[in-house]
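Work out the full structure, taking the sequences as your base and the hints as a guide.
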Amino acid sequence: MLAATEGGTTGAVAVLDRGPGPTVALRVDIDGLPRVESDADHHHPAREGFRSETGESMHACGHDAHATLGLGVLETLADDDAFTGRLKVFFQPAEETIAGGKAMAESGHLDDVNALVAVHVGLDHPTGEVVAGVEGFLAVSQFRAEFTGKPAHAGGHPSRGHNAVGAMATAVTNLYAIPRHEDGATRVNAGRVEGGTATNIVPESATIEGEVRGETTALREYMNDHADRVMAGAARTHDCEVSVTRVGEAPSGHSDDAVVDVVEAVAGRTDGVDSVVRSDDLGGSEDATYLMGRVQERGGKAAYVAVGTDHPDGHHTATFDVDEDSLPVGVAVLSETLRELADEGDG
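If you use the numbering used here, the sequence shown corresponds to residues 1354 to 1700, in order.
No wet-lab data here; the hints were simulated from the structure.
It should be emphasised that the depicted structure is a prediction, and the values quoted were computed from it without experimental measurement.
Glycine residues also receive a C-beta, built at the ideal position from the N, C-alpha and C atoms.
Mixed in with the good hints, there may be bad ones.
Stated by the list, open to error - DMTMM-like mimics (lysine to aspartate or glutamate), calculated; alpha carbons at most 25 Å apart, straight line:
hint	residue 1	residue 2
1	Lys1455	Asp1609
2	Lys1503	Asp1592
3	Lys1503	Glu1574
4	Lys1455	Glu1488
5	Lys1455	Asp1581
6	Lys1455	Asp1578
7	Lys1503	Glu1562
8	Lys1503	Glu1557
9	Lys1455	Glu1568
10	Lys1455	Asp1610
11	Lys1455	Glu1562
12	Lys1455	Asp1634
13	Lys1455	Glu1401
14	Lys1455	Glu1650
15	Lys1503	Glu1547
16	Lys1455	Asp1465
17	Lys1503	Glu1594
18	Lys1455	Glu1574
Said to hold, decoys possible - Beta-carbon label-pair distances, calculated as ranges:
hint	residue 1	residue 2	range
19	Ile1554	Asp1465	54 to 60 Å
20	Asp1433	Val1600	37 to 43 Å
21	Val1546	Asp1634	27 to 33 Å
22	Thr1407	Gly1508	43 to 49 Å
23	Arg1545	Asp1666	18 to 24 Å
24	Pro1532	His1397	44 to 50 Å
25	Gly1461	Glu1697	21 to 27 Å
26	Asp1634	Asp1699	45 to 51 Å
27	Glu1406	Asp1592	20 to 26 Å
28	Val1630	Leu1424	22 to 28 Å
29	Gly1508	His1397	53 to 59 Å
30	Asp1464	His1669	32 to 38 Å
Now the structure itself:
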């Protein structure tokens, strides 16, 4: 079923229906990042002629590998006459902007899913290593704050102006002063700032694009509340106005032991797997938690799996690449895991 691609959107849900039985699902994200891919000779895709041709975008986080894993699992289970029930593979867009997971979770396609597996390659784990259940998802909220002041001649009449850049700078400084919380980890980052038009004009406008994170969804809301008050206070200090827009959010999440147990057992007997780690913290955020939570709220189970892959540099760098030897390992582990979850549900 590819109706989800109609109208120009890039998400898709593929369904393999083998009649009565449980519904199991795999979530893979497929979007790229706004980076110019390296053309250096030591970068394998550049050397072999398959670096990105889309200008300022590239797969710097392995989501092209995720799409490959999704297709590989579909092919494997489609060729398995013993597989019963239904398999859904969610090819999710817009994970990097935290915009695709919520929409896909609310699409209704997850409401009959009994067990869901989400996957990511790498995450600082080498080829041959599998993490059966990733934990430590930080709830995240991304925002855009627009400060509006009043322009004036910076030399002749500076007092007639209301400096939006001053408000933005005060806000950035005070965002990093938000008190930490005793209930868990919190984060804040002003990732992109911009403002002003010329050196001799009191700036009329300025923006902050940033994010807050929390170890739990409640801690994220604590950070959101403090960030809103910081930015409002900074605007008042400089006689400016501010408008804050939330541009993407994701909750915290957890992997269920019942699914982790299956992944751990399957990985332990899969050729090409040298090491199985039961649990590891992500240390970041992921909107797969929307899909996982949707399944869990309806009585199903979910887990987030890491398939290790060697890569020369870290995620989100211009020289990121995956070790293609890790892909068949990932397909094997995921396919057998989903097959066993379907068998368990049928039993």
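TODO: Please name the hints from earlier in the document that this structure breaks, with their numbers sorted from lowest to highest.
DONE: Of the numbered hints given earlier, those the structure breaks are 3, 13, 26 and 27, listed in rising order.
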